[in-house]
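There are 2 protein chains.
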Amino acid sequence: MRGAVLHGPGDVRVEERRDPEIVAPTDAIIRLTAACVCGSDLWPYRGLEENGDPAPMGHEYVGVVEEVGPEVTTVRPGQFVVGSFWASDNTCEICRAGYQSGCVNRVLMASIGTQAQFARIPLADGTLVATPGMPEPELIPSLLAASDVLGTGWFGAVAAAAGPGKTVVVVGDGAVGLCGVLAARHFGAERIIAMSRHESRQELARRFGATDIVTERGDEGVARIMELTNGLGAHSVIEAVGTQSSMTQAMRSTRPGGHIGFVGYAHDVALPGDELFFSLVHLHGGPAPVREYLPELIDLIWRRVIDPGQVFDLTLPLEQAAEGYRAMDERRAVKVLLTP
Amino acid sequence: MRGAVLHGPGDVRVEERRDPEIVAPTDAIIRLTAACVCGSDLWPYRGLEENGDPAPMGHEYVGVVEEVGPEVTTVRPGQFVVGSFWASDNTCEICRAGYQSGCVNRVLMASIGTQAQFARIPLADGTLVATPGMPEPELIPSLLAASDVLGTGWFGAVAAAAGPGKTVVVVGDGAVGLCGVLAARHFGAERIIAMSRHESRQELARRFGATDIVTERGDEGVARIMELTNGLGAHSVIEAVGTQSSMTQAMRSTRPGGHIGFVGYAHDVALPGDELFFSLVHLHGGPAPVREYLPELIDLIWRRVIDPGQVFDLTLPLEQAAEGYRAMDERRAVKVLLTP
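Just so you know, the protein sequences line up as chains B and A, in that order. The first sequence begins at 1 in full-length UniProt numbering and counts up by one. The second sequence begins at 1 in full-length UniProt numbering and counts up by one.
Only chain B is shown next, with the shape it has when bound in the complex (with noise of 0.2 Å):
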């Protein structure tokens, strides 16, 4: 088959890669619909991540049930299915508690590298979900962004504590945080407070449920959210970068008592704890539990209710991977779609 694999800084080459098999009998093997290149993806392609060259890449996916091995029992060949990024058995007690990405049995799919033709998804019962039958082509990339972007913002704004009465600011204005915007607007925020600087994705922002968009960072960026709260920080801040300046700007966004969902992944941060200690805030965070929303976010895609696809702003062939990676890394592009 096909896939993307990453040799080294900014070097992806679609090449022959080897069919996947069932290996264990929880496995099943999918033939890819659209994968996707993810923004932590280009922590490995900027070099700014060890990721053990000649890597595959991707860990997002919707496709087609090919083959399941034996044990599986709750998805058939011939289903469309959507899974997390983190494959799981969706039964042990972190994953009943709802964190299937700590699940003691958990396998990252990144280490699969689903940007192929074809991918083994190991734990199938607990990883993947059955949409309920062939989606319409439109509803491919919202079911794609679930797989990941969509699930994380999610999560970003379930840890937040987004609802109805609160002010909710969205730091980062990648795919991940316009997903949390279009969940902070779900869970009914009363403000909802983008961070771009970037008109397209403020439009999207706004389309999604934005009220306010703030263009200042830092020390100026703090000031603006506190001249409209009052003074008093935002109750719910969604951080979607994972950089010290972002979490510093998340940290000095929230007020007392206040909840920061961090999903951005951290690279070099060091949250100091004095300040931390002071701004008393929750703070929660972390790979989302996407498999856990998966349900909710089908149902919601399916009947048209939310429409994250909207995130991907290119459409490429596999073959043309490389092209979708320099579009992301030099921000032509929010989310970047492959076709295999």
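Since the hints were derived computationally from the structure, they do not count as laboratory data. From the three backbone atoms N, C-alpha and C, an ideal C-beta is built for every residue, glycine too. Just so you know, not all the hints are guaranteed correct.
Far from chain B, some chain A residues (derived; all Cβ distances over 10 Å) [stated by the list, open to error]:
#	residue
1	A24
2	R31
3	L48
4	G78
5	G257
Chain B side only, calculated, beta carbon under 8 Å to chain A, not exhaustive [as the list claims (entries may be wrong)]:
#	residue
6	G47
7	I94
8	R96
9	Y99
10	I112
11	V269
12	L271
13	D274
From the derived model, a few chain A residues whose C-beta atoms are all more than 10 Å from chain B [stated by the list, open to error]:
#	residue
14	G10
15	E21
16	G52
17	G133
18	R191
19	R207
20	L228
21	Q244
22	R255
23	A266
24	D268
25	D274
26	S279
Given chain B, put chain A in place with the hints provided.
Relative to the frame of chain B, chain A by itself:
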């Protein structure tokens, strides 16, 4: 009046201080029935925190109202009162959300110094709570504990989401940690693991409700917690020390999706963002909103449901405050009560 003043590291003197007076119409003056030395007083005492010598010391207090300003309506002269170590208006939006320690008008009582015969209490209506009558002498230590260490341990247990069916680890066997054990027990935690190497503190922890004692620390301490929790980690961890190693201990002892209540006043702590991210824990803490809990705590003490006053294992006249500091510094005493 007489009061304790820190003149430099290790140099506490009880000397003449000016009698306090009503400054703002919302002030009250109280005559202290008892004061005490806090673990956090040891930071400047040990020269680990700049305090601006000479500095009046103490922020915990119970006593009888002597005088109130013209705008004070909820307490009156002659009443016995307990107050928080933060003065708060208890009316602002932050207070109403239960975060009086983040009150927009808060005043740190440590800046006033309650290891003294009298103290001015700013924002008396929002800070003080009167007891139902004059307390029996044996209730004084428990009511004094409510002013900080009990309220802080309580907040730790709330922030750690201690409750029925939960395994709670308490890091730190000082008065706050021990009160955290008591609070976790009150909230119905199934299992309470106190981390302590001191026999007398272990004994008090057991009396307060600890079901297990772990004497190991660092990696060995984490390994022991994992053994006791099926390799998953605790649901809830109360961190009551405030050092890098205690925070690390807390983070690594908590299961994915679990809660850390951190109430140890953080000093020189930097939390690694990536470890925090992948731990999937909830982190919440800071200076406790004691005022939020005071009515309930006073009621529980008054009805003799809880007896947190047992944390005081040394009582000295105020004049011997210096010996009280030494005893706590050398860990000869858990907590020292001072009688003016």
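For each hint, the structure was consulted:
no.	hint	in the structure
1	A24	21 Å, holds
2	R31	31 Å, holds
3	L48	12 Å, holds
4	G78	34 Å, holds
5	G257	4 Å, violated
6	G47	17 Å, violated
7	I94	5 Å, holds
8	R96	10 Å, violated
9	Y99	4 Å, holds
10	I112	19 Å, violated
11	V269	3 Å, holds
12	L271	4 Å, holds
13	D274	5 Å, holds
14	G10	23 Å, holds
15	E21	30 Å, holds
16	G52	17 Å, holds
17	G133	33 Å, holds
18	R191	14 Å, holds
19	R207	29 Å, holds
20	L228	14 Å, holds
21	Q244	8 Å, violated
22	R255	6 Å, violated
23	A266	3 Å, violated
24	D268	7 Å, violated
25	D274	5 Å, violated
26	S279	7 Å, violated
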